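Those protein sequences? They're chains A and B, same order as listed. The opening residue of the first sequence carries number 1 in our numbering; numbering runs sequentially from there. The opening residue of the second sequence carries number 1 in our numbering; numbering runs sequentially from there.
Hints in this document: simulated from the structure, not taken from any laboratory. These numbers were taken from a predicted model, which means no experiment stands behind them. Wrong hints could be hidden among the right ones.
Copies of one chain are not kept apart here, so a pair can be met inside one copy or by any two copies together.
DSS-like cross-link-like pairs, simulated, lysine-lysine; straight-line CA separation at most 25 angstroms [as the list claims (entries may be wrong)]: (1) K37 with K15; (2) K11 with K56; (3) K11 with K438; (4) K15 with K110; (5) K15 with K56; (6) K380 with K494; (7) K124 with K378; (8) K438 with K378; (9) K61 with K378; (10) K99 with K438; (11) K110 with K56; (12) K494 with K477; (13) K56 with K124; (14) K99 with K114.
Number of protein chains: 2
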Amino acid sequence: MSAMDAYNALKTHLKEHAHLVSFSSLAEWDQETRMPKGAGDTRADMLGLMARLTHKMFTDKKVGDWISECEDSDIVANTDTIEAANIRELRRSYDRQTKLPKEFVEEEAKISSKAQQVWVEARKKSDFTLFAPMLEKVLDLTRRKAEYYGYEGEAYNALMDDFEPGATVTEVASVFDALRPDLVDLVGRIADAPRRPDIKIIKQPYDVNRQRLFSEMVAATIGFDFNHGRLDEVEHPFCTGFGPGDTRICTRFYPNDLGEGLTGTTHEAGHALYAMGHDDEQFGMPCGDVNSLGLHESQSRMWENQVGRGRAFWTYFFPQAQRIFRDALGDVSLEQMYHAMNNVTPSYIRVEADEATYNLHIMLRFEIERAMLAGDIKVKDIPAEWNRRFKNYLGIEVDKDSNGCLQDVHWAMGAIGYFPTYCLGNLYSAQFYAAARKALPQMDEQFGRGDFSGLLGWLRENIHRHGARYRAGDLCKKVTGAELSHKHLIDYMKEKYSEIYGI
Amino acid sequence: MSAMDAYNALKTHLKEHAHLVSFSSLAEWDQETRMPKGAGDTRADMLGLMARLTHKMFTDKKVGDWISECEDSDIVANTDTIEAANIRELRRSYDRQTKLPKEFVEEEAKISSKAQQVWVEARKKSDFTLFAPMLEKVLDLTRRKAEYYGYEGEAYNALMDDFEPGATVTEVASVFDALRPDLVDLVGRIADAPRRPDIKIIKQPYDVNRQRLFSEMVAATIGFDFNHGRLDEVEHPFCTGFGPGDTRICTRFYPNDLGEGLTGTTHEAGHALYAMGHDDEQFGMPCGDVNSLGLHESQSRMWENQVGRGRAFWTYFFPQAQRIFRDALGDVSLEQMYHAMNNVTPSYIRVEADEATYNLHIMLRFEIERAMLAGDIKVKDIPAEWNRRFKNYLGIEVDKDSNGCLQDVHWAMGAIGYFPTYCLGNLYSAQFYAAARKALPQMDEQFGRGDFSGLLGWLRENIHRHGARYRAGDLCKKVTGAELSHKHLIDYMKEKYSEIYGI
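Let the sequences and hints guide you as you build the complete structure.
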């Protein structure tokens with residue numbers, strides 16, 4: 001077998017693998033959106049079976065052999081080709097998936113499942129001491145996992161690599177550390193600002209059917225292709241896909257809040273536009289997908305925040321919103337609406353946080369989980385440490401654990417190293433957006449007349465079509481000419497909020 | 001490996017096989033109900049892959065070995081056990097699936113796909129001569145298929161066995177031949193009847209949302225468990241399922257017709273009640289499923305016709321319908337509604353035919369396809385033969401091929417031997433229903449107060465829980481004490497229509 005035969009065999013095999021994964025994704029989508037309640041057991045059996053099958057298919061010895069054959073050939077000679085990138089990323093995934101012993105994976109699944117149950121109870125009672133013993137076990141497991149993976153520097157690097165390949169804790173911390181003081185200062189100044197948006201504009205009755213219609217109009221206008229996708233309603237918004245030509249977004253609409261449903265839509269549509277922009281020919285291979293959560297989040301955040309909370313966006317959509325929601329918006333001005341969409345108020349819960357304070361929620365988690373993995377913070381001391389930092393960063397006292405260190409499921413799931421990707425997403429988003437604005441000086445004017453194709457085209461060309469061809473950090477340098485920096489995000493926020501809040 | 005080990009290995013293997021088939025069924029359901037239009041190509045790739053995987057899994061040599069091992073053991077000693085029945089039916093399926101050479105299956109798929117395209121064109125132009133050459137090819141293929149399968153008597157037996165295991169063309173023809181003259185006579189007398197139902201009662205504006213609500217109420221009342229199922233809307237009604245605890249029905253609602261949506265619901269709910277009544281422990285094995293389309297249709301037809309068009313059913317539901325559809329039904333009486341639901345009028349199109357004439361549509365097709373397979377009718381003579389019989393049976397002249405022999409897709413698909421199962425379903429339905437009435441003398445009174453659990457319980461006990469344990473004909477004898485006869489269907493119709501039509 002020639003190396004090219006091996007490469008093609010890999011491609012065929014992994015395309016079938018990807019189609020099987022699509023079946024699982026479809027079953028999960030159905031579970032969230034349509035499945036009758038009583039079908040949970042059968043669905044779990046189906047998904048368990050498919051997880052076993054696809055894992056076996058990906059970790060098959062012949063996959064490793066094909067990768068090796070390609071690595072020993074001209075295919076990887078020029079590291080800048082799509083083929084070389086595919087082999088590089090396949091090696092990474094294959095090694096990681098084959099490094100964990102079967103017994104470890106089973107133990108991890110068991111403890112993670114148990115930990116999540118205990119976490120639900122502990123959160124309900126708002127008592128961290130109930131959860132602490134399980135968190136010790138999870139920490140022990142994740143440390144062992146890091147050993148199996150192997151790493152340089154801190155064990156945290158090995159874990160974060162599951163979500164953000166190639167990122168190192170030192171680099172991430174240095175960007176976060178640069179952002180934090182400026183952001184704490186900005187959030188503090190906003191809290192004392194002379195004027196505040198009237199958020200009642202957004203938090204008043206909005207007919208849910210009309211919200212759905214408005215969200216569909218917005219999604220279609222920014223480029224979401226309803227011929228190759230759909231929008232449904234769920235408890236927890238997400239984006240998924242079942243192969244080329246079928247990308248689905250799910251959001252939720254509240255009868256007394258226009259913001260949640262709309263920003264849920266622009267956020268998930270941002271993820272979807274990324275997925276819709278992949279190279280279909282690469283389906284099943286790394287370059288037909290993306291393995292950096294930070295990059296993925298950069299796309300959802302850009303459409304949600306830089307675009308969807310921007311004045312130019314509302315210049316186009318506000319008159320339409322006024323016609324659809326006559327009672328709510330008849331007497332409201334564009335400026336009032338734009339301000340209301342950009343309210344900043346420190347609050348306890350990350351998933352409800354605004355665009356600015358959100359990053360402080362993430363940094364806090366990153367710092368604590370890094371220290372706890374390294375053993376620099378004892379598990380029992382986490383609530384005090386959480387609350388201390390929270391007060392410093394956000395200026396408010398945490399009243400109870402359920403509003404503090406017990407609010408997220410990530411640690412119970414064993415997903416340590418996941419949190420920073422959210423803030424990385426915001427940072428990449430701002431840096432990419434700044435580059436796009438430079439390349440497209442007419443962008444705001446285009447948005448103002450409902451034309452988002454300039455930005456989408458730029459993203460397609462520079463980011464979407466590459467899939468995992470470039471690691472996030474490398475892509476950032478390639479596209480923006482510079483390493484990831486806190487500068488773009490804080491500049492963007494300062495500019496926006498100083499005007500809105502008069503600070 | 002002991003025989004019991006082989007049996008258990010079969011069960012485990014086939015349960016996984018069934019879960020994978022469920023993934024396909026879910027993808028097909030999604031395709032009919034939700035999938036964005038542009039996702040067709042990817043979906044076809046997914047379904048093609050899964051069809052290959054599941055076929056390979058079922059026809060695996062080890063499956064044949066396990067079956068043989070069981071056949072050589074005590075497991076099949078008592079032919080009346082579930083285990084023996086499973087092995088009997090698995091042998092049948094395994095042999096059939098392994099008897100067709102791969103090249104033949106591929107050729108069949110290709111010609112069937114082509115024939116369906118040509119059929120669409122021919123039907124559009126209402127020109128049978130366009131379709132005739134493809135039908136010749138399909139006939140040639142189905143004859144070869146019958147040879148691969150092997151058969152006694154006519155080749156038709158081998159083909160019908162795909163849909164109705166164990167039924168023979170001689171038995172089916174003898175029941176149909178007995179039914180036909182009485183039914184032709186009854187339909188003729190109805191056509192000349194002194195009074196006719198006022199069908200405008202049903203064919204007037206009915207709000208579609210309220211129809212959906214009413215249909216859900218009806219389905220839930222007769223026993224459809226919405227905790228383990230759901231009702232959706234589609235172009236062509238169907239029932240499907242994705243393993244124990246997840247059975248879904250799909251129907252369609254018309255804004256100017258209450259009947260279609262409602263009978264679509266009771267029909268598909270009948271299929272669903274059957275599926276919901278299977279033994280979950282047997283999931284993946286023949287006794288956890290059913291392989292006779294006639295039996296399946298007997299359940300859908302019973303709930304659609306014997307129950308859902310019955311006076312007792314409407315005694316309970318009509319007052320509710322009046323409250324939901326005030327404008328349409330405010331001035332209508334229960335008797336008028338009951339009569340309108342039982343309109344009989346000969347018409348061209350099978351899928352739009354009423355309960356009585358439907359059977360004549362089927363017999364006509366059965367007779368023609370049997371003769372055409374045997375070579376007793378030439379393909380070119382089909383339209384004339386069709387129209388001649390149609391006039392004899394239904395009393396009306398066929399005006400064009402698209403209203404006659406070009407209306408159904410079955411022949412283009414190569415599904416020769418399928419049609420009789422529809423009429424067998426009606427015959428079994430009537431015979432089972434007569435037995436149920438005898439066993440449950442209070443049944444009508446129970447229906448009248450909305451209690452359908454007596455009938456459902458009887459069906460569960462006598463029919464549903466057995467799956468494919470008994471062949472349809474054997475189950476009929478076991479449950480009703482007699483072989484399938486035309487008597488019950490014609491008696492039921494005579495009784496009902498003589499009263500409604502005053503004949």
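Hint check:
1. K37 with K15: between (32 angstroms within a copy, 22 angstroms between copies)
2. K11 with K56: For K11 and K56, both the intra-copy (16 angstroms) and inter-copy (21 angstroms) Cα distances are at most 25 angstroms.
3. K11 with K438: neither (38 angstroms within a copy, 64 angstroms between copies)
4. K15 with K110: Between copies only: 24 angstroms across, 30 angstroms inside.
5. K15 with K56: both (15 angstroms within a copy, 18 angstroms between copies)
6. K380 with K494: neither (38 angstroms within a copy, 82 angstroms between copies)
7. K124 with K378: So K124 and K378 pass the 25 angstroms test inside one copy only (23 angstroms; across, 76 angstroms).
8. K438 with K378: neither (47 angstroms within a copy, 75 angstroms between copies)
9. K61 with K378: neither (41 angstroms within a copy, 57 angstroms between copies)
10. K99 with K438: neither (44 angstroms within a copy, 67 angstroms between copies)
11. K110 with K56: This pair counts as within: shortest intra-copy Cα distance 20 angstroms, inter-copy 33 angstroms.
12. K494 with K477: Result: close within a single copy only, 24 angstroms intra versus 84 angstroms inter.
13. K56 with K124: neither (38 angstroms within a copy, 49 angstroms between copies)
14. K99 with K114: Within one copy, since 24 angstroms is at most 25 angstroms while 49 angstroms is not.
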